[in-house]
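Number of protein chains: 2
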Amino acid sequence: MKRDVDIPLGYRFSVAAAGIKYENRTDMALIYSEREAVAAGVFTTNRVKAAPVVLDMKRLRSATARAIVVNSGNANACTGQRGMKDAESVCVRISERLDIPEKHVLVASTGVIGIPLPMDRVYGGLEALTGGTVGADMEDVARAIMTTDKFPKFASRRIRIGKTDAVLSGMAKGAGMISPNMATMLCFLLTDLAVEKKTLKRTLREATDRTFNLITVDGDMSTNDTVIMMANGLAGNSPLTETSPGYRRFRTALLELMDELSRMIVKDGEGATRLMIIRLRGARNAADAKKAAFSVARSPLVKTAVYGRDANWGRIMAALGYSGAFIREDSIDISINGIKLVGNGLATGRDPEASDALKHGAETVIDINLKLGPASERVYTCDLTEEYVRINAAYRT
Amino acid sequence: MKRDVDIPLGYRFSVAAAGIKYENRTDMALIYSEREAVAAGVFTTNRVKAAPVVLDMKRLRSATARAIVVNSGNANACTGQRGMKDAESVCVRISERLDIPEKHVLVASTGVIGIPLPMDRVYGGLEALTGGTVGADMEDVARAIMTTDKFPKFASRRIRIGKTDAVLSGMAKGAGMISPNMATMLCFLLTDLAVEKKTLKRTLREATDRTFNLITVDGDMSTNDTVIMMANGLAGNSPLTETSPGYRRFRTALLELMDELSRMIVKDGEGATRLMIIRLRGARNAADAKKAAFSVARSPLVKTAVYGRDANWGRIMAALGYSGAFIREDSIDISINGIKLVGNGLATGRDPEASDALKHGAETVIDINLKLGPASERVYTCDLTEEYVRINAAYRT
Numbered sequence: 001m002k003r004d005v006d007i008p009l010g011y012r013f014s015v016a017a018a019g020i021k022y023e024n025r026t027d028m029a030l031i032y033s034e035r036e037a038v039a040a041g042v043f044t045t046n047r048v049k050a051a052p053v054v055l056d057m058k059r060l061r062s063a064t065a066r067a068i069v070v071n072s073g074n075a076n077a078c079t080g081q082r083g084m085k086d087a088e089s090v091c092v093r094i095s096e097r098l099d100i101p102e103k104h105v106l107v108a109s110t111g112v113i114g115i116p117l118p119m120d121r122v123y124g125g126l127e128a129l130t131g132g133t134v135g136a137d138m139e140d141v142a143r144a145i146m147t148t149d150k151f152p153k154f155a156s157r158r159i160r161i162g163k164t165d166a167v168l169s170g171m172a173k174g175a176g177m178i179s180p181n182m183a184t185m186l187c188f189l190l191t192d193l194a195v196e197k198k199t200l201k202r203t204l205r206e207a208t209d210r211t212f213n214l215i216t217v218d219g220d221m222s223t224n225d226t227v228i229m230m231a232n233g234l235a236g237n238s239p240l241t242e243t244s245p246g247y248r249r250f251r252t253a254l255l256e257l258m259d260e261l262s263r264m265i266v267k268d269g270e271g272a273t274r275l276m277i278i279r280l281r282g283a284r285n286a287a288d289a290k291k292a293a294f295s296v297a298r299s300p301l302v303k304t305a306v307y308g309r310d311a312n313w314g315r316i317m318a319a320l321g322y323s324g325a326f327i328r329e330d331s332i333d334i335s336i337n338g339i340k341l342v343g344n345g346l347a348t349g350r351d352p353e354a355s356d357a358l359k360h361g362a363e364t365v366i367d368i369n370l371k372l373g374p375a376s377e378r379v380y381t382c383d384l385t386e387e388y389v390r391i392n393a394a395y396r397t
Numbered sequence: 001m002k003r004d005v006d007i008p009l010g011y012r013f014s015v016a017a018a019g020i021k022y023e024n025r026t027d028m029a030l031i032y033s034e035r036e037a038v039a040a041g042v043f044t045t046n047r048v049k050a051a052p053v054v055l056d057m058k059r060l061r062s063a064t065a066r067a068i069v070v071n072s073g074n075a076n077a078c079t080g081q082r083g084m085k086d087a088e089s090v091c092v093r094i095s096e097r098l099d100i101p102e103k104h105v106l107v108a109s110t111g112v113i114g115i116p117l118p119m120d121r122v123y124g125g126l127e128a129l130t131g132g133t134v135g136a137d138m139e140d141v142a143r144a145i146m147t148t149d150k151f152p153k154f155a156s157r158r159i160r161i162g163k164t165d166a167v168l169s170g171m172a173k174g175a176g177m178i179s180p181n182m183a184t185m186l187c188f189l190l191t192d193l194a195v196e197k198k199t200l201k202r203t204l205r206e207a208t209d210r211t212f213n214l215i216t217v218d219g220d221m222s223t224n225d226t227v228i229m230m231a232n233g234l235a236g237n238s239p240l241t242e243t244s245p246g247y248r249r250f251r252t253a254l255l256e257l258m259d260e261l262s263r264m265i266v267k268d269g270e271g272a273t274r275l276m277i278i279r280l281r282g283a284r285n286a287a288d289a290k291k292a293a294f295s296v297a298r299s300p301l302v303k304t305a306v307y308g309r310d311a312n313w314g315r316i317m318a319a320l321g322y323s324g325a326f327i328r329e330d331s332i333d334i335s336i337n338g339i340k341l342v343g344n345g346l347a348t349g350r351d352p353e354a355s356d357a358l359k360h361g362a363e364t365v366i367d368i369n370l371k372l373g374p375a376s377e378r379v380y381t382c383d384l385t386e387e388y389v390r391i392n393a394a395y396r397t
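Chains A and B, in that order, give the protein sequences. Residues 1 to 397, numbered by my numbering, are exactly what the first sequence covers, in order. Residues 1 to 397, numbered by my numbering, are exactly what the second sequence covers, in order.
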């Protein structure tokens with residue numbers, strides 16, 4: 001059964017099964033705005049950038065976009081000049097079929113690295129995407145962009161700004177290679193609000209830092225990470241700027257939406273059985289808070305302990321100790337799922353109770369208080385399981 | 001059958017089964033020098049340091065040592081004041097039983113964090129260690145200090161300096177929580193050479209940086225990492241300094257010995273099926289070389305690909321890209337086990353051949369040339385398997 005979510009005005013979707021790598025499933029999607037939309041993007045900081053990322057970064061310097069074409073199964077990364085030409089050809093074909101300027105077409109890819117796109121199949125897919133068949137919905141798009149994801153990720157928020165009702169929606173994929181500063185994650189955000197270009201760009205950047213850049217699955221960072229947002233203005237408001245009365249509401253709704261999508265990505269971390277929420281406070285400063293929280297979130301030993309339902313706080317202490325953050329062993333408090341395990345650096349003896357609590361519920365909350373200052377940070381991650389290894393040992397072969 | 005290795009003059013060993021955590025095996029060891037030995041140590045850089053580490057760091061400021069007491073099964077870490085007192089009590093007891101000054105006794109622990117040492121059992125073990133029974137050998141010691149290790153790690157080198165024949169020996173344990181800047185690794189190095197204190201300290205530090213600090217299993221760094229070296233001078237040479245004629249030979253032998261032990265640790269990485277050797281060259285500078293090599297060595301995706309016998313060089317490119325080192329995608333060459341997979345950033349198409357090669361042999365060599373400068377680095381790691389997860393999900397419970 002499909003989950004019903006609101007869709008902003010003026011967007012249409014289609015999907016196709018091009019057989020790029022997978023069989024018997026959709027692997028291409030088209031997101032299309034009936035009207036030119038203000039657009040902004042945030043991309044991987046990996047020095048090895050896939051062709052579609054390079055192309056989009058260039059295109060998004062101009063103000064507007066109409067369409068995003070996505071494929072799964074092939075990342076079009078490490079494919080050199082040919083990869084760039086292929087990405088451009090995709091845009092040219094779409095611009096011809098939809099009769100829109102080529103510069104208004106964005107492109108995204110996810111999948112295996114280093115193999116050129118099979119362009120014959122891609123062209124077949126592009127025909128199907130623009131063939132005027134019955135429209136797809138956001139769930140269909142979210143499914144078509146999945147790689148090792150186990151469920152489609154999409155969500156919406158309805159907001160009212162002045163007299164304008166509007167919608168913010170997002171579709172994402174994640175699963176593996178998820179790390180701060182993005183991941184092989186793709187996320188497409190759409191709204192019918194009108195938002196001034198600079199404001200859209202800055203707000204998207206900020207919200208990405210507060211959401212997708214605070215999740216980690218395995219510490220690997222992809223060559224293809226992409227967050228693109230389109231705002232087509234069909235809701236009828238006057239373009240939002242950072243001083244508009246409705247701006248804060250827009251910003252909050254976007255943050256909430258992206259937070260929800262980022263949780264979905266971690267929850268669907270390859271092989272994960274638990275969403276882990278690391279809440280760190282009491283750090284001397286923001287940099288230390290982030291270092292300490294990520295050190296715990298990334299520790300394979302902490303992640304396997306959670307998978308083993310073992311409240312092994314010693315591994316958390318060790319991860320804090322090597323995080324690079326300033327800590328004092330004898331001022332650290334640690335709780336797991338609300339059960340205090342460490343007070344001022346020493347065991348409380350409640351490990352069995354906490355290990356038992358780990359057996360229940362899909363979420364594990366690790367609260368850490370360094371008691372050294374005012375800074376805090378929150379990071380999402382997931383446990384590390386045999387299944388993660390199995391998926392990644394078999395993924396390409 | 002026991003492996004025969006040379007033992008330097010004047011050292012004696014004993015082991016005991018104290019039942020600290022494990023049953024039916026030895027878990028305590030004593031290394032004893034008949035004569036006061038010049039001693040030096042290198043310890044974890046984790047801010048959370050186990051009690052024995054804190055104690056040894058203090059003791060090694062003085063020039064000499066006679067004994068090292070080690071236990072497995074309990075790390076005596078995160079145990080506060082009580083942990084410090086327990087570590088001191090161990091030394092006091094040994095000093096009484098052996099009639100040597102307390103300050104000449106060093107102590108090391110490995111195992112679970114956060115639980116106080118069961119001192120009644122430890123005292124029982126100390127009695128047995130000093131009970132004058134038949135002497136143990138280095139293999140016995142190497143076995144007694146194992147935690148999740150699958151084989152005992154020990155080795156020797158025989159060297160001749162001038163007219164003096166001497167031996168360098170080492171015993172180590174590793175397995176999990178292995179990362180640069182040490183690991184839950186313990187290593188005890190013994191020689192009958194005379195070495196001047198400052199020289200011993202500096203050479204040990206340098207050799208540790210070139211060996212144990214260039215290995216990684218899972219990126220976790222322990223609270224207990226310890227490398228201690230004793231040089232008792234019974235070989236009869238005049239104390240080595242950095243300007244002695246034999247110094248370079250000593251340094252080389254020590255490096256080789258520690259390299260051999262560090263390879264053993266990685267080979268026995270938890271769940272590992274392949275020793276991976278990352279050889280990176282052509283970096284602009286040493287810092288970049290290290291960053292790039294470690295980024296590949298630590299990538300869970302690269303490690304699972306090797307486990308899956310998949311020559312997935314795209315994951316290597318991605319890891320280089322996010323390493324923080326300066327790279328140019330189009331100048332990178334990558335080979336696996338001598339088979340060139342990437343030339344100037346592009347696929348050579350030999351992946352099937354390389355994947356096939358991955359099926360054979362216990363070692364996987366990944367050669368990377370960035371072609372940007374003169375710096376190189378070599379890092380040892382191992383593949384990531386379901387078994388790693390299984391071991392670490394079940395380790396404490």
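Be aware that a few hints might be false.
What the hints assert, rightly or not - Covered stretches of chain B, going by a simulated chain A footprint (3 or more residues, C-beta under 8 Å): (1) 51 to 65; (2) 166 to 174; (3) 366 to 379.
Unchecked claim - Calculated lysine-lysine pairs in the DSSO-like style (CA-CA distance at most 30 Å, straight line): (4) B:K85 / A:K371; (5) B:K103 / B:K198; (6) A:K85 / A:K201; (7) B:K150 / B:K197; (8) B:K197 / A:K371; (9) B:K58 / A:K359; (10) A:K85 / B:K267; (11) A:K359 / A:K201; (12) A:K340 / B:K21; (13) B:K291 / A:K21; (14) A:K197 / A:K163; (15) A:K291 / A:K371; (16) B:K21 / B:K85; (17) A:K201 / A:K21; (18) B:K197 / B:K85; (19) A:K267 / A:K201; (20) A:K340 / A:K201; (21) B:K85 / A:K340; (22) A:K291 / A:K267; (23) A:K291 / B:K291; (24) B:K2 / B:K58; (25) B:K103 / B:K21; (26) B:K371 / B:K291; (27) A:K58 / A:K163; (28) A:K21 / B:K150; (29) B:K371 / A:K85; (30) B:K21 / B:K163; (31) B:K371 / A:K58; (32) B:K163 / B:K267; (33) B:K340 / B:K371.
Hints were generated in silico from the structure; no laboratory data involved. Bear in mind that the values here come from a model prediction, so they are computed numbers and not experimental data. Glycine included, C-beta positions come from ideal geometry on N, C-alpha and C.
Item checked: Pairwise hint evaluation, A:K85 against B:K371, where the allowed Cα distance is 30 Å at most -> Answer holds: B:K371 to A:K85 is near 26 Å, not above 30 Å.
Next item on the list: For the pair supplied as a hint, A:K340 and A:K201, confirm whether the alpha-carbon distance does not exceed 30 Å.
Entry: Roughly 42 Å separates the two Cα atoms, so the pair is violated.
Note to self: Can you confirm whether chain A covers the segment 51 to 65 of chain B, using C-beta to C-beta distances below 8 Å and requiring at least three such residues?
What the structure shows: This one is violated; 0 residues, fewer than the three required, reach chain A with a Cβ under 8 Å.
Check: Under the criterion that the straight-line Cα-Cα distance not exceed 30 Å, is the pair B:K103, B:K21 satisfied?
Finding: holds (28 Å)
Next item on the list: For the pair we were handed, B:K58 and A:K359, check the Cα-Cα distance against 30 Å.
Entry: The given pair, whose Cα atoms are some 43 Å apart, is violated under the 30 Å limit.
Notebook entry, point to check: Holds or violated: are the alpha carbons of B:K103 and B:K198 at most 30 Å from each other?
Noted result: Within the cut-off at roughly 19 Å; holds.
Notebook entry, point to check: Has the given pair, B:K85 with A:K340, been kept, meaning a C-alpha gap of at most 30 Å?
Noted result: Given that 30 Å is the threshold and the Cα spacing comes to 25 Å, the pair holds.
Next item on the list: Could you grab the alpha-carbon distance between A:K291 and B:K291 and see if it respects the 30 Å cut-off?
Entry: holds (18 Å)
Check: Is the straight-line distance between the alpha-carbon of A:K201 and that of A:K21 30 Å or less?
Finding: violated (34 Å)
Notebook entry, point to check: Would the pair B:K371 and A:K58 pass a check requiring their Cα atoms to be no farther apart than 30 Å?
Noted result: Distance of about 28 Å is within 30 Å: holds.
Checklist line | Pairwise hint evaluation, B:K21 against A:K340, where the allowed Cα distance is 30 Å at most | finding: Satisfied, since the Cα-Cα distance of roughly 25 Å is no more than 30 Å.
Check: Does B:K197 pair with A:K371 here, judged by a C-alpha cut-off of 30 Å?
Finding: violated (40 Å)
Consistency note: the structure conflicts with the earlier hints numbered 1, 2, 3, 7, 8, 9, 10, 11, 13, 17, 20, 24, 27, 28, 30 and 32.
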